[in-house]
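Spelled out from the first residue to the last, the chains are:
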Amino acid sequence: MTTATASPFVLWIDEPEAVGSKLLGGKFASLAEMTAGGFAVPGGFGITTTAYRYFLESAGLAERARQVRAEAVGADLARVQEISAEFTAAIEAAPLPADLEAAVRSAYAELERRTGREGLPVAVRSSGESEDLAGASFAGQYDTFLWIRGAEDVLKHVRSCWAGMFGAAVLTYRPDADPAAVAVDHGICVGVQQMVEARSAGVMFTLDPVTGDRSKVVIEGCWGLGEGVVSGGVTPSRYVVDKVTFEVLKRDVAHQEQQYSFDPAIAAVGLVPVAAELCAAPCLDDVQIHALAELAKRIERHRGAPQDIEWAVSATGDVHVLQVRPETVWSHRQAEQLVTEKKSAVSHVLARFAGVGVVQGGNRAS
Amino acid sequence: MTLTSSNSTDGVPSSEGAAQAVPGKRFASPFAVQTPAGAEGWQSMYPYYALLSDERREFEDGKFWFFDGMHNPEPLYPFDTIMTENWWVAASQMSTRVWPVPPAGGIDHRIINGYLYISPNAVTDPDEVAQRAQEFAVRAGHYYENWDEIYEQWVAKATDCIERLKAIRFAPLPGMEPESSVFEHRGVYSTYDLLTSYGALIENLFEMGSYHFEMLNLGYGAYLTFREFCQAAFPGISDQTIASMVSGIDILLFRPDDEVRGLAKLAVELELSDIVLGNDDPDATLNAIAAHPNGSQWISAFEKAKDPWFWFSTGAGYTHSDRAWIDDLRLPFSAMRGYVQALLAGEDIRRPLDEILAERVRVTAEYRSYLPTDADRESFDGLVELARQVFPFVENHNFYVEHWHHSLFWSKVRELGDVFVAHDFLDDREDVFYLHRNEIYSALYDLNIGWATGTEARGVTYWRPEVERRKRIREVLKANPPLPALGIPPEFITEPLTVMLWGITQESVQEWLGVDGQDGGELRGVAASAGKATGRARVIIDPEQLHEVEDGDILVCRITAPSWAPVFSRLSAAVSDVGGIMAHTAIVCREYGLPAVVGTGFATTSIRTGQLIEVDGNTGVVRVLEDVSA
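Each protein sequence line maps, in turn, to chains A and B. Numbering-wise, the first sequence is residues 17 to 382 according to the numbering used here. Numbering-wise, the second sequence is residues 216 to 845 according to the numbering used here.
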């Protein structure tokens, strides 16, 4: 089925044509761009939107997929759940075309070869076409499967990602209040990426998400995998870093008793106890905080706008970029003027002496 | 301690019934402060108007007083009150009568157990503030609009004042009046010259003391406005970062150290390194250099550098015990040895001015780029420009006033001390500082009477025992450190000088209220210079002890002086009891990249030399990690 000219089932994120490719969905196209920009992104490949559509067509589910989306618009939640369950089951049961299966197996084998590790643990995650386009993150709506090992398991979770596209939440997620946008046939890419065995991990913003102050990098992190921070299950430590001077202006170190890590007992990622001596210790040292803030600043510059970044620090202390996406709240808000009114510097100072602050609500004791 | 000075005959108010401190609520009443045993009668060393009294008790008891350890870490010498008395008028009158500053009143002073306590007043009536604001806008506006020109005039006035101070001479009265007095028909003689020279000396101090505050509040105000803008735009931005955007790179306070670097370089070029490194004693060094064939070139460079750059105080310049480099060359010479060693090791000892300037440009441009609107960027541009315009005065006035003028002034008073020694009033020139300036007027007249009549002056037998008594009292006072604050804490602190110079903020007052001076585990202060360091504490009370500093020590002091800079290179951090972001030291500390926490209130009384401490210049916290090993 695939020929040299046809759209590929698999695209590696370090291939030149991966940069900006719609076939990778928002998340993975961004990672391809970051890889090309020289940032430390764990290696991997995307099972493209072409592969996804080919699967639906081959299984005779393409038409039904469009119907499901259309039906979900305006339907009550019980009905949405019903059609979601029915169609998800159909996807799980459908056969996988042999050429597609072979392409995924061969790509995973190649990743094993590149890392020199048989049964390499990988993260399998959805990367939707619609993510960045809609101006909303779809955060938490798509699936991520961690610590997947072996081609068989990878294939299984790829299928789960595809099925996840028809979860009730995704079918009803309407960030732009435009039902048509949801009904559109969004494709999905499934990314397969080497796991970073994170000593600590988390997210960071290239602005203060609370105040919108662009002179800050705000880092949230925890011991273990970043799932705890992303899902909200672990209260993260928080560091506010000055983006200009890299001073750490604020540290709120959380006490952490459990972390997400690979748990050999269940052969999967789960909550395990944090080593006693680390519970009260900061999950990042000053050198790592500096490295992360510098990385955040470079990524923002590279992408030309404020970003929301997932990161991980490996056992050896190396910093990795797991995900980048545009910050969506402050970037879409009208900038508010700080100064009370436009006037000369001397007038500002004279007014300050008279008790009138230079900024809105700024008449306060310093 | 039960001993109180409560007998009614000496006019000392009773401590009976005075309010005690209530943790978290109020400080002890100033009237509750007990005179330490052995210091009874300390009040007689100071002017009546600087003392607490029953007649003003209600007023004095209702105020908030904080210890001004920044300018006067030790009990005041009677003569040295001239400095505090000067700014009591000179700083206050700017706020109340000259501008006036709309919400700020004058700053009251009281001396309690020999220590200076101050209390800023605020104008709170909105109508009065509005009325003052109108006057202020016209008068202060004139200064801002013509700042550079007025600053140029200021430098000329200050320099002229210093030249006139240099010309004042004190000499013992002659055995016989010189013939010239007779044949030139002067009609006035040495007694008159002695009195008028002393008058000129005192007036000269008050003249410079007035110039000191001519532009200072306005300079601080422009800076504070910029600071407030930055704090609102970039919440949490550190004070040292804000200062780094406006502070100059060629300010005069760095010049003395630059001169020392220059002399070190010249010593290496002239092959004098061995002499410099081989002598600990500055006089021995100078003699050996003078004897060297290349020596004369170095000596003349040294003489040139010395005046005025070695008129550089080792303290804040407010007490005569703050000796200048020129009085004691050990400090600059030990710094010079360090620079010579660095040069011989192939290091570049020049301050990286281009890099500092480039960094200032980068930091300013980058913050600007993070502002939300064009109006904000315009305001930022204007405010940073105005702050930079006023900053040369803010930073440089220290050298002219506290260093050059004050050091010279103290040396002139010592000259006068020699006159009293020559006329058998005192044993030591330094004893002159145990007389209040107005007592010196009387003593000089007494001296003139003795000289004129040929009978023994009363002072010959009067002053020695009195000076001895005062020395004993002062020693007792010195051994009893003052509380950081007294009275009732204010609801708001907005007076700009209080915040910027003394680092007194709502937070620090709350901290003091809770700590009450006794908790040694953790101290909080103002984060004055970023970075974190751990090391052995070296508590320095007297600049004389500076030579004890060892590599890696953390300096713990009441307040540092910019002239201590040469030992900064040996330190890993600095902690002080007092001082704010614009205190003299903070400026230099930031330049040297030394983590610093200032305004801790209790560092010198709760930390001991040898303790392992941690200084966090990012958060302003100092922790004792390990006690002194026995």
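Hints are computed from structural coordinates only; laboratory data are not their basis. Check the hints yourself; a few may be wrong.
Said to hold, decoys possible - With a Cα cut of at most 16 Å, we get these calculated EDC-like pairs of lysine to aspartate or glutamate:
#1 K359(A) x D589(B)
#2 K266(A) x D589(B)
#3 K359(A) x E593(B)
#4 K358(A) x E343(A)
#5 K358(A) x D596(B)
Query raised in the report: K266(A) and D589(B): Cα distance at most 16 Å?
Result: Since the Cα atoms of K266(A) and D589(B) sit roughly 29 Å apart, the hinted pair is violated (cutoff 16 Å).
Query raised in the report: Given the hinted pair K358(A) and D596(B), is their alpha-carbon gap at most 16 Å?
Result: Roughly 12 Å between the alpha carbons, so the hint for K358(A) and D596(B) holds.
Requested in this report: Take a quick look at whether K358(A) and E343(A) sit within 16 Å of each other, Cα to Cα.
Outcome: With Cα atoms ~29 Å apart, K358(A) and E343(A) exceed 16 Å; violated.
Requested in this report: Would you check the hint for K359(A) and D589(B), treating anything up to 16 Å between C-alpha atoms as holding?
Outcome: holds (13 Å)
Requested in this report: Assess, step by step, whether the Cα of K359(A) is no farther than 16 Å from the Cα of E593(B), and give holds or violated.
Outcome: holds (9 Å)
In terms of the numbered hints stated before, the structure departs from hints 2 and 4, listed from lowest to highest.
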